[in-house]
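Participant: Chains as they are written, first to last, in the working numbering: chain A, 1 to 199; chain B, 1 to 199.
These aren't lab readings, by the way, just hints derived from the structure by calculation.
Do not take every clue at face value.
Identical chains blur together in the list; that is why a pair holds if it fits in one copy or across any two.
Said to hold, decoys possible - In silico lysine-lysine, DSSO-like type, Cα no more than 27 Å apart, as pairs: (1) Lys-72 - Lys-198; (2) Lys-24 - Lys-8; (3) Lys-24 - Lys-126; (4) Lys-39 - Lys-72; (5) Lys-39 - Lys-8; (6) Lys-126 - Lys-6; (7) Lys-37 - Lys-95; (8) Lys-72 - Lys-95; (9) Lys-8 - Lys-37.
2 protein chains.
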Amino acid sequence: MHEGIKNKELLLANISSAFSLTDKEIEELISLFAERKIKRRGFILHQGDVCRHFTFVISGCLKMYAIDPSGKEFNLEFAAENEWISDLNSFYAEKPTTVYIEAMEPSVILQIARPDLIHLYSNYPKFNSTFRIIIERKYMELQNRVLQNISATAEERYSNFLHQFPTLASRLPNTQIASYLGITSEFLSKIRKDLAHKR
Amino acid sequence: MHEGIKNKELLLANISSAFSLTDKEIEELISLFAERKIKRRGFILHQGDVCRHFTFVISGCLKMYAIDPSGKEFNLEFAAENEWISDLNSFYAEKPTTVYIEAMEPSVILQIARPDLIHLYSNYPKFNSTFRIIIERKYMELQNRVLQNISATAEERYSNFLHQFPTLASRLPNTQIASYLGITSEFLSKIRKDLAHKR
DNA sequence: AAATACCCTTAAGATATCTTAAGGGTTCAG
DNA sequence: CTGAACCCTTAAGATATCTTAAGGGTATTT
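All chains should be modelled from the sequences, with the hints used to inform the complete structure.
Facilitator: This is how it looks when you write it as structure tokens:
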């Protein structure tokens, strides 16, 4: 399909930003990713399931979140176009996940299943580095977020979010951003008013 | 040296918990790690330096922290015996770090330099998975910590810390634990009193 | 096009957490 | 051995953040 090929080029561009790949590697990589369209509010991972895929977002936006005993949702991660998302713990250990991954917009994704990724790792060693680097980037992002959480006020965290994810900031409902920042949406509303007055 | 060999066995045990290694891999791995003793308050990484080593802790305990403009320290990570520590961002990008890594106790560590690790990656592909898994574990730990930070009260976070790191909890000054949890040491003191009364 | 669910804002009162200050205990360095 | 530095605790007042409640706007579904 014409569109399907274009989508896989996005994947290639993402992966080969750090590594150049041979034709054979490209062919194999592309053949192992399957495209899926997800409706708004559709789930690609549900608490209790085993996370069986590593997911790359072509378009749209997904969120990964946990639900506490009282039913509140806490957003752990957003993934929009050109980003990766997966519950690594469940994926590698093949054990039931404690989180949800849900589409916030109609989305198109590319997924690779665990056995196929392992096949890539063993037959094309370069992909070990590729995926190691993807995870390292996400690790640094998380570490930075932890630092924010323990050192910055809610207003500072929100300002940083606006700078770091300007596109997300204008696409997502503030309720979702509040959940990501660890504050209530009412308090975010107050922060936004305060910031507006500072101009 | 007798003790040096024993220390490298700890490293081997840590790495081969997920993978079995050949004699050749073991020999090469061991030859590339160098042992260092660090005094209490000694630094192995200072803001502005490039992080040139991946570090495994044999004994003692290190902390990684950032300092904000007002001079306050925020603990990002502790690493005691049998744990890994490094500023991945500085290490892989070879750019100056924004953090410090300092020994809180007299410590013995094993370090591998970046070129040697890259040599391992290219000549013994298995080590790609090995180190990918080390990072994945740390990633999940961070993700769990973010969830705590955005969803739990300070008292809950402290209780969790006690359960998750019982050894650290009794070894570290509470000021250091407070900084890790993102609260003041005075407030931690109050939390400890409240918890004691709940018994 | 109506009905429903979702979203944003405001504000008042409640709670969690910080700041400052002070005192006493313990460890470390000279 | 001794002063200095660090650590822990307590408490009072200040500030940040949450909870609840309510109203009006916007998007989604029927």
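Participant: Which numbered hints are broken by the structure, listed smallest first?
Facilitator: Checked against the structure, no hint fails, so every one of them is satisfied.
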